[in-house]
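A.B. asks: Basically my numbering = 1-based index in the sequence shown + 1469.
Certain hints may be false.
[Claimed, not checked] Label-pair restraints from in silico Cβ distances: (1) Arg1617 / Thr1705: 28 to 36 angstroms; (2) Glu1712 / Asp1547: 17 to 25 angstroms; (3) Gln1585 / Asp1547: 16 to 24 angstroms; (4) Thr1558 / Thr1672: 35 to 43 angstroms; (5) Gly1562 / Met1680: 23 to 31 angstroms; (6) Leu1720 / Gln1585: 22 to 30 angstroms; (7) Arg1617 / Asp1706: 29 to 37 angstroms.
Hints listed in this document are in silico derivations from the structure and should not be mistaken for laboratory results.
For glycine and all other residues, C-beta sits at the position ideal for the given N, C-alpha and C.
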Amino acid sequence: MSTDQKSMALSWVDRYRMLSSIIKLFIFALLVTALTGPFSWESPEGRQENFKNGIDIVLALDVSLSMYARDFDPNRLDAAKRVAMDFVTERPGDRIGLVVYAGEAYTSCPPTLDHQVLLDKIATTSGEYIDGGTAIGVGLGTAVNRLRAESEGGKVIILLTDGTNNSGEISPEKAAELAKAKGIRVYTIGMGTKGEALSPIPTAFGIQWQMAPVDIDEDILKKIAFKTKGSYFRATDQKSLVEIYEKIEKLEKAKFLDRVYKNEPPSDPSAFLNWAIVLCLILVFYSLLQFKYAGE
């Protein structure tokens, strides 16, 4: 081999050595990243079990006497309960609770993932053992208090009423301010036909059924929804009530981690390791070439 050829061979050897050193460092960096970074050896399907699509929801349901009006089948309350139960069934990943109100309010079921318990509560809900009147502010305020401030998903209240605020120690405006402060969206629903409906009217001789005007305070319901970045809906029949809940169901889709992780699922190290294997093969190839030229 001539002097120039030997010089060229040495030059190539130096290049191979430098390249192999770079590749070694790169492989080392990949291995460190793969082995020390947050990851899980579970399959992607396994990791999906740690996620649920869901939010915290409270249904605030008016159970005042007027909710027994017969402009819905068989009456407003039973129609509202039926649609609410369908809504709950369609959202298995949500924590959903129930607040009922008339002249006062109470929590029938706190937000829970045990939807069978909630469905049983909705099914047996009535206004039989609660003071008369319609305390929209108290109902909303009670629902606000049932939602956890630390919830990782969204917080939503669906408030349904067929009347006007005529009792209670807290105004609907004040309750809306409380909801806004806690980042709770409130969807309000005014339930009742336009015009008159066959309604139960308390008299000195007991409950009498008469045609009575449907009086819903839509202005205050719109203000509550606007203040909390929610929406107001008017349900005049069964079909429109179902459609309203369907709209809300589509609006409220949010991802949150159910148990362990706070943001995205942990990375899988296999991608890093695959690249490390490829680079190892490249290093072996160049090492063989280096050995070949070093031996000539």
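A.B. asks: Next, verify each hint and record whether it holds.
C.D. replies: Comparing the hints with the structure gives:
1. For Arg1617 and Thr1705, the Cβ-Cβ distance of about 34 angstroms falls inside the hinted range of 28 to 36 angstroms, so the restraint holds.
2. Checked against the hint of 17 to 25 angstroms, the pair Glu1712 and Asp1547 passes, with Cβ atoms roughly 18 angstroms apart.
3. One distance hint, 16 to 24 angstroms for the beta-carbon pair Gln1585 and Asp1547, holds here, with the actual separation near 20 angstroms.
4. In this structure the supplied range 35 to 43 angstroms holds for Thr1558 paired with Thr1672, their Cβ-Cβ distance being about 39 angstroms.
5. Take Gly1562 and Met1680: their Cβ atoms lie about 44 angstroms apart, and the range 23 to 31 angstroms is violated.
6. A beta carbon spacing of about 25 angstroms between Leu1720 and Gln1585 agrees with the range 22 to 30 angstroms that was offered as a hint.
7. Evaluation of the 29 to 37 angstroms hint for Arg1617 and Asp1706 yields a pass: the beta carbon distance comes to about 35 angstroms.
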